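Okay, here's what each chain looks like letter by letter:
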Amino acid sequence: KNQVEQSPQSLIILEGKNCTLQCNYTVSPFSNLRWYKQDTGRGPVSLTIMTFSENTKSNGRYTATLDADTKQSSLHITASQLSDSASYICVVANRHQAGTALIFGKGTTLSVSS
Amino acid sequence: EPEVTQTPSHQVTQMGQEVILRCVPISNHLYFYWYRQILGQKVEFLVSFYNNEISEKSEIFDDQFSVERPDGSNFTLKIRSTKLEDSAMYFCASSVEGYGYTFGSGTRLTVV
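Residue numbers (our numbering), protein chains in the order written: chain A, 3 to 116; chain B, 4 to 115.
None of these hints come from the bench; they were simulated from the model. Quantities reported herein were computed from a predicted structural model and do not represent experimental measurements. Hints are supplied without guarantee of correctness; some may be wrong.
[Unchecked claim] Straight-line alpha carbon distances no greater than 30 Å define the calculated DSSO-like cross-link-like pairs of lysine-lysine that follow: (1) A:Lys73 with B:Lys45; (2) B:Lys81 with A:Lys108; (3) B:Lys60 with A:Lys108; (4) B:Lys45 with A:Lys59; (5) B:Lys86 with A:Lys108; (6) A:Lys108 with A:Lys19; (7) A:Lys59 with A:Lys3; (8) A:Lys73 with A:Lys108; (9) A:Lys59 with A:Lys73; (10) A:Lys3 with B:Lys45; (11) B:Lys60 with A:Lys73; (12) B:Lys45 with A:Lys19; (13) A:Lys19 with A:Lys73; (14) A:Lys3 with B:Lys60; (15) B:Lys86 with B:Lys60; (16) B:Lys45 with A:Lys108; (17) A:Lys19 with A:Lys59; (18) B:Lys81 with B:Lys60; (19) B:Lys81 with B:Lys45; (20) B:Lys86 with A:Lys3.
Using the sequences plus the hints, can you model the full thing?
Dropping the structure here:
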């Protein structure tokens, strides 16, 4: 069964600190892996998209890694800011499909405090 | 930056009533989707729409649901007879080629 598991479920860090969120997936055939940021009551906003051949991708203070062999990904946030407080969702896409391709994890809720 | 626009942002309806959720996708996008997120749960796929027809749908998308692109710009989701368990955030998304999705801000549907 295609699944995306994320850890931790929630995380509290101090402003300025770094953190790493984890994602494990069992999706086949694999097309790409995405990290989204979702603020409360808002739609998901794309942070990174990585295909099978990409090991790492950065978007500002966000750096995602992908190990397609172990089917693991991480999202590293550097020098956290209060505005980083949100849910971070790992999403894996099946190959050659639209719509049903996106399999969502439950997300990690990040709280950044001052 | 182009956006996917959803209206209304919040809809309250009585059980058994019909609701229509509206979306304006990005103008040059060709693929359109509806997803939903029940409070505290993960986002779930409902349906994808391409070339004026449904291309895929999930088991959630039963006969109570329908989608339409009535005028070339709007994309609507209709729930014929709402149930309490239909209460959720409903997200519309669009993409050019089925790869780079853009999500709308969602419509919060509350069935009472």
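Evaluated hints:
1. Between the alpha carbons of Lys73 (chain A) and Lys45 (chain B) the distance comes to roughly 20 Å, so the proposed pair stays at or under 30 Å and holds.
2. This hinted pair checks out: Lys81 (chain B) and Lys108 (chain A) have alpha carbons roughly 26 Å apart, not beyond 30 Å.
3. Restraint check: the Cα-Cα separation between Lys60 (chain B) and Lys108 (chain A) comes to about 21 Å, which is no more than 30 Å; the hinted pair holds.
4. The hinted pair formed by Lys45 (chain B) and Lys59 (chain A) meets the criterion: a straight-line CA distance of about 24 Å does not exceed 30 Å.
5. For the proposed pair Lys86 (chain B) and Lys108 (chain A), the alpha carbon gap of about 24 Å is at most 30 Å, so the pair holds.
6. A distance of roughly 24 Å separates the Cα atoms of Lys108 (chain A) and Lys19 (chain A); the hinted pair therefore holds under the 30 Å criterion.
7. Restraint check for Lys59 (chain A) and Lys3 (chain A): the C-alpha separation of about 27 Å stays at or below 30 Å, so the hint holds.
8. Of the pairs offered as hints, the one joining Lys73 (chain A) and Lys108 (chain A) holds, with about 17 Å between alpha carbons and a cut-off of 30 Å not exceeded.
9. At roughly 16 Å between alpha-carbon atoms, Lys59 (chain A) and Lys73 (chain A) fall within 30 Å of each other, so this suggested pair holds.
10. Between Lys3 (chain A) and Lys45 (chain B) the CA atoms are separated by roughly 16 Å; this keeps the pair inside 30 Å, and the hint holds.
11. A hinted pair counts as satisfied when its Cα atoms are at most 30 Å apart, and Lys60 (chain B) with Lys73 (chain A) qualifies at roughly 26 Å.
12. Straight-line distance between C-alpha atoms of Lys45 (chain B) and Lys19 (chain A) comes to about 27 Å, which keeps the hinted pair within the 30 Å bound.
13. Taking the CA atoms of Lys19 (chain A) and Lys73 (chain A), the gap is about 27 Å. The hint holds against a cut of 30 Å.
14. For the proposed pair Lys3 (chain A) and Lys60 (chain B), the alpha carbon gap of about 17 Å is at most 30 Å, so the pair holds.
15. Under the criterion of a C-alpha separation no larger than 30 Å, the hint pairing Lys86 (chain B) with Lys60 (chain B) is consistent with the structure, at around 19 Å.
16. Straight-line distance between C-alpha atoms of Lys45 (chain B) and Lys108 (chain A) comes to about 5 Å, which keeps the hinted pair within the 30 Å bound.
17. For the hint pairing Lys19 (chain A) with Lys59 (chain A), the CA-to-CA distance comes to about 20 Å; that is within 30 Å, so the pair holds.
18. The suggested pairing of Lys81 (chain B) with Lys60 (chain B) holds, with an alpha-carbon distance near 14 Å, which does not exceed 30 Å.
19. In summary, the hint linking Lys81 (chain B) to Lys45 (chain B) is supported, as the alpha carbons are separated by about 22 Å, within the 30 Å threshold.
20. Between Lys86 (chain B) and Lys3 (chain A) the alpha-carbon distance is near 28 Å, which keeps this suggested pair within the 30 Å criterion.
When the structure is compared with the earlier hints, no violation turns up for any of them.
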